[in-house]
Amino acid sequence: MKQVKNVSEVFHWESQRQKGCYFEARSVVEVIKSDVVIVGSGIAGLRAAIEAARASNSRLEISIVTKVQAMRSHSVSAEGGTAAVLYPELGDSFESHIFDTVKGSDYLADQDAVERFVLAMPSEIYQLEHWGMPWSRREDGRIAQRWFGGYSYPRATFAEDKVGFFEMQTLYDTATKYDSIKFYQEWFATSIVKYQNKFVGVTALDIKKGDFAFFKAKAGIIATGGSGRLYSFATYGYSATPDGMHMAYKAGIPLKDMEFIQFHPSGMVPSGILITEAARGEGGILLNKEGERFMKRYAPEKLELASRDVVSRAIITEIEQGRGFKDEASGLEYVHLDLTGIGEKKIKERLNGIREIALKFRGIDIISEPVPVRPVCHYVMGGIDVNIDGATSIAGLWAAGEAACVSINGANRLGANSTAECLVWGKITGELAARYATEKQHEQTPWEDVMMEEKRIFDGILHGSGSVNPYEIRDNLQREMDANAYVFRTGDGLLHALKRIREMKKQDFRHCEDKSRRYNTNLKDVLEVEGMLEVAEVVLLSALTRTESRGAHARRDYPNRDDKNWLKHTLAFRTEEGPKLDYKPVVITKYQPAERHY
Amino acid sequence: MGDKIMTERKIMMIQYVTGILSVFLVSVHLLYQGVIVPYEKAISFSQVLSLYRHIFYGSMLEILLVVILVHGFNGLRIILLELNQSQDWSKAVDIITVIATVVTIAYGTRTVILAVFGGVS
Amino acid sequence: MSYVKLVVQRYDPERDEKPRFQEYIVPYRKGMTVLDAILYARDYLDHSIGVRFSCRMASCGSCGMKINGKPALACYTQVSELGTERIVVQPMDNFPVIKDLATDFEEFFEKHKELMPYLVREDRAEQENPKSEYLMKPEELERILQFTYCIKCGLCYSVCPTVGTDKLFPGPQAIAQAYRYVEDVRDEGGETRLNILDNPHGIWRCHFAGSCSAVCPKGVDPALGIQLLRRYVMRGKAPRKKGEGSKPFTK
Amino acid sequence: MEKGRERNRRGIRGWFDPTVPNNLERWAYFFQRLTGLGILAYVIGHIGDTSFFVGGPFGTGPNQSSWSFDLSITENVVGHLILIFVVLIVTFHGINGIRLILAELGIMVGKPSKIEYPYRPSSLRSVQRHIIWVAIVLAVLAAIWAGSILFG
Chain A
1 MKQVKNVSEV
11 FHWESQRQKG
21 CYFEARSVVE
31 VIKSDVVIVG
41 SGIAGLRAAI
51 EAARASNSRL
61 EISIVTKVQA
71 MRSHSVSAEG
81 GTAAVLYPEL
91 GDSFESHIFD
101 TVKGSDYLAD
111 QDAVERFVLA
121 MPSEIYQLEH
131 WGMPWSRRED
141 GRIAQRWFGG
151 YSYPRATFAE
161 DKVGFFEMQT
171 LYDTATKYDS
181 IKFYQEWFAT
191 SIVKYQNKFV
201 GVTALDIKKG
211 DFAFFKAKAG
221 IIATGGSGRL
231 YSFATYGYSA
241 TPDGMHMAYK
251 AGIPLKDMEF
261 IQFHPSGMVP
271 SGILITEAAR
281 GEGGILLNKE
291 GERFMKRYAP
301 EKLELASRDV
311 VSRAIITEIE
321 QGRGFKDEAS
331 GLEYVHLDLT
341 GIGEKKIKER
351 LNGIREIALK
361 FRGIDIISEP
371 VPVRPVCHYV
381 MGGIDVNIDG
391 ATSIAGLWAA
401 GEAACVSING
411 ANRLGANSTA
421 ECLVWGKITG
431 ELAARYATEK
441 QHEQTPWEDV
451 MMEEKRIFDG
461 ILHGSGSVNP
471 YEIRDNLQRE
481 MDANAYVFRT
491 GDGLLHALKR
501 IREMKKQDFR
511 HCEDKSRRYN
521 TNLKDVLEVE
531 GMLEVAEVVL
541 LSALTRTESR
551 GAHARRDYPN
561 RDDKNWLKHT
571 LAFRTEEGPK
581 LDYKPVVITK
591 YQPAERHY
Chain B
599 MGDKIMTERK
609 IMMIQYVTGI
619 LSVFLVSVHL
629 LYQGVIVPYE
639 KAISFSQVLS
649 LYRHIFYGSM
659 LEILLVVILV
669 HGFNGLRIIL
679 LELNQSQDWS
689 KAVDIITVIA
699 TVVTIAYGTR
709 TVILAVFGGV
719 S
Chain C
720 MSYVKLVVQR
730 YDPERDEKPR
740 FQEYIVPYRK
750 GMTVLDAILY
760 ARDYLDHSIG
770 VRFSCRMASC
780 GSCGMKINGK
790 PALACYTQVS
800 ELGTERIVVQ
810 PMDNFPVIKD
820 LATDFEEFFE
830 KHKELMPYLV
840 REDRAEQENP
850 KSEYLMKPEE
860 LERILQFTYC
870 IKCGLCYSVC
880 PTVGTDKLFP
890 GPQAIAQAYR
900 YVEDVRDEGG
910 ETRLNILDNP
920 HGIWRCHFAG
930 SCSAVCPKGV
940 DPALGIQLLR
950 RYVMRGKAPR
960 KKGEGSKPFT
970 K
Chain D
971 MEKGRERNRR
981 GIRGWFDPTV
991 PNNLERWAYF
1001 FQRLTGLGIL
1011 AYVIGHIGDT
1021 SFFVGGPFGT
1031 GPNQSSWSFD
1041 LSITENVVGH
1051 LILIFVVLIV
1061 TFHGINGIRL
1071 ILAELGIMVG
1081 KPSKIEYPYR
1091 PSSLRSVQRH
1101 IIWVAIVLAV
1111 LAAIWAGSIL
1121 FG
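Residue numbers (our numbering), protein chains in the order written: chain A, 1 to 598; chain B, 599 to 719; chain C, 720 to 970; chain D, 971 to 1122.
Read the hints as simulated data drawn from the structure, not as lab findings. Check before you lean on any hint, since a few could be wrong.
To be verified - Stretches of chain D that chain C covers, calculated by requiring three or more beta carbons in the stretch to come under 8 angstroms of a beta carbon on chain C:
id	region
1	978–986
2	1068–1076
3	1088–1094
C-beta atoms are modelled at their ideal positions from N, C-alpha and C, and glycine is treated no differently.
I would like the entire structure built from these sequences, with the hints used as guidance.
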């Protein structure tokens, strides 16, 4: 293995002054040079890093820039499974997985991408296994699978109910094997730097020390995950803010299909912590206040295992019709997820993690008591617009995982497909980025942009002044989203929220009370809130414009799917006045849109 | 350095073996000196002399001397190694504990030899 | 109880001579965790509190700290279970303080990495281009499963008495993970790890004080892993030699 | 990042840190160290004291008067109290030591298993913990016995 040291060059403003560049504030910006820079260290980011290291035979230097410590990305909280066709001899098939995914997406998925995804998945499962993943096993020593919502075969590969956690640890541990992968932990990437629409690098802020650096690289991958913290009732950790999406958006890449936000049927009340779909896959049932298994009225065939959008709408309908319970402390209404029929043995074997969570956070033992649940923000189907290879419109820049929208999830993602997507496009983009970086040279650096970004952060925010508490802005934003862009939406509600968000954008929150350099999370949070506002605006505007109901986007005022006008992807481009929308067609190969029944 | 001559694994094996032997031999020593032989008698000159000159008890005392000191000084070495991790310190600790062990054993052995073979006065 | 007195140890090594304590009054609500209380103080009372957190459900391992003197995850400690109105939070011991409650994990991660926390195989071609899985019986998985629960939160490392003085000792987390891989029927790198651990500052400096296991929030029981691994180190033999790991499934 | 306070290592204070709950082993660890050092000191002293049997450092053989002189120093109330204390710590160190040797070779610490919340680490509730109590009780009994012999 070739041992390569990181080359740092120091940029002196004196030389740039002669060229007439903009400078101020601080005299130098550190440059950290590598071949491939990956932003984000979740499943997609780590998978991409390992693939880039493998594909280049460790000849390339790979930097992972992550705002958390690498193994703490929110992928750790994925619980139930990763879908793959492992047992065709027992009746599963690629066609079935493709069709289930397309149907689940309400026909908005690009079918060529879905096909590529499904075909690539089995070897990803085996690859993780070969790297040490503790998949749960069948008696004969082979990998076990279970039922998940929206599937016609039990193809969710699982490792107890901590799938994402184990995948993260396996990938992180495996990444430590490669000396060519260097982690920049707790570095907050702030902007993408490009030159003539070619990728040059990213700027980032070292949270630990307060330094600002330019990560110069030949190729880049954005793998920063979803934006679920636009909502306060979310399964997401606090770190799941749309930083990567915002960076791409600012760099001129459109955000695609952002109106489609998945609400998982079972978020535990009141914290929103996820109760995995596997709980229903293993036999859990949903009950309303009258003790009725209401799913039989909404999805007579699949019942609780209908796709997530269907189950979530059913729960909200029950609640709205007065058949829900009410949590006095938080005011949230909910239904019961009853797992008592599964049996103690199976629960301890396969749902150990959620049993622990329910006991610890709610004092409920799922073996004997039902869990209070309601739909909870869980996934963003949309994301950075990329092609089937995960490539963005900037040459040399890819995006993978939840941050990207390939799109295989269309209007509604099936459970167990998200970790799977991260693996597949992590690998694809890692390999392509490595190949690109091997062939190309470093681009010229537009120092002006780097210095402007530095000035924005330090002069604009760290040393800026203002009167509005940024955390209050964040809380208000989340309240608006919770209220108006939830499971059911209306034109009025979306418009109201959009207006409110635009007001907030103008407010005076871009400042730091904490002026210290070390571990200044205040500074990072203000930058996050800025991104959240812009991305929320895209979500609301896209949702407002799409006058139909499809998948997770359910409009009260337009309750039907409208394939004639809306079988197309939304694209949002950033302009000074706000998002500008455009559309592009859906790729349909084999499966013509049809009505969905579960 | 000590770890070049001996792996830590072997040192710990010695530590365990000397530990178990010490427990056994100390028990015998304590029981013999206080219970089997009444204490008052056990410390009398003639009794001590006869013990030293008893082939089994004499050799046992010598073995006890060695194992308990090896065990004790190695224990001390472990504690000292955990206090500071510089190369110099480690080397010094290794050398000093080895010398201390050897010197103390030598001095104790001298007592045993003189007690067995020396002329009574 | 309608409010809690949250006492945070404040310390920015760049600016402060020594740590000091600052008190915040935080409104209490049912089900509130210590992390919730800290975040309320951070969001609404003092933006400059330095604290690391993320998943808020005890999966990511970010928020280890001392709560009323006892090491625990802040997101996993309910205010109500403490039984006091006054809650003192301090950074974990044995980790350098970056600021306030946030500590530096560099050395900790480095030690984890040194013990090769990944599957080592002879059949590299198979390992990197699999056609099927390596076989592993459920009971074989069970032998390592509890050790795979490790979230790398560092609580065990912060209480280990040996880590407290011996900076070369790998610490409970790293050694327990070494055991997890040595014991994995698929792995063949056991002896290399045993050799790394067999040195004057290696596995032998564990004296089974057991504090690591007592504070582990995920039931990993590092002390158990270390003692079981020590048996292999003592023997100088791993359970499997190169080429002896479990075989890939073939039809 | 090298200043002492910032480093934040627990240091020797951590060797006798009582703040970890449910952790009798930690106390056993501390007392094993302390008693070990105590015993080493006593053994060195004992080697010095028994050398008076052969006339001290410069003696040449068993010497009755030198031995009597030695006994006159050690055989008194203080000497006997020290002896009783030595019996106490030797018994504890020995039994606890055997526990540690067995535990450190993976015996009596339980075995890995499928764990359930609330987690109770098997190594801390296996046979080994009972042996700590055995060591404490036997050490006290041995000390009482020694007292009855020396003062009885």
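A quick look at each hint next to the structure:
Under the rule that three or more residues need a Cβ within less than 8 angstroms of chain C, the assignment of the region 978–986 of chain D holds, with 8 such residues. Closer than 8 angstroms: that is the beta-carbon criterion, and the region 1068–1076 of chain D has 5 residues meeting it against chain C, so the requirement of 3 holds. Interface restraint, the region 1088–1094 of chain D with chain C: holds (6 residues with C-beta to C-beta distance below 8 angstroms; minimum three).
No hint from the list above goes unmet by this structure.
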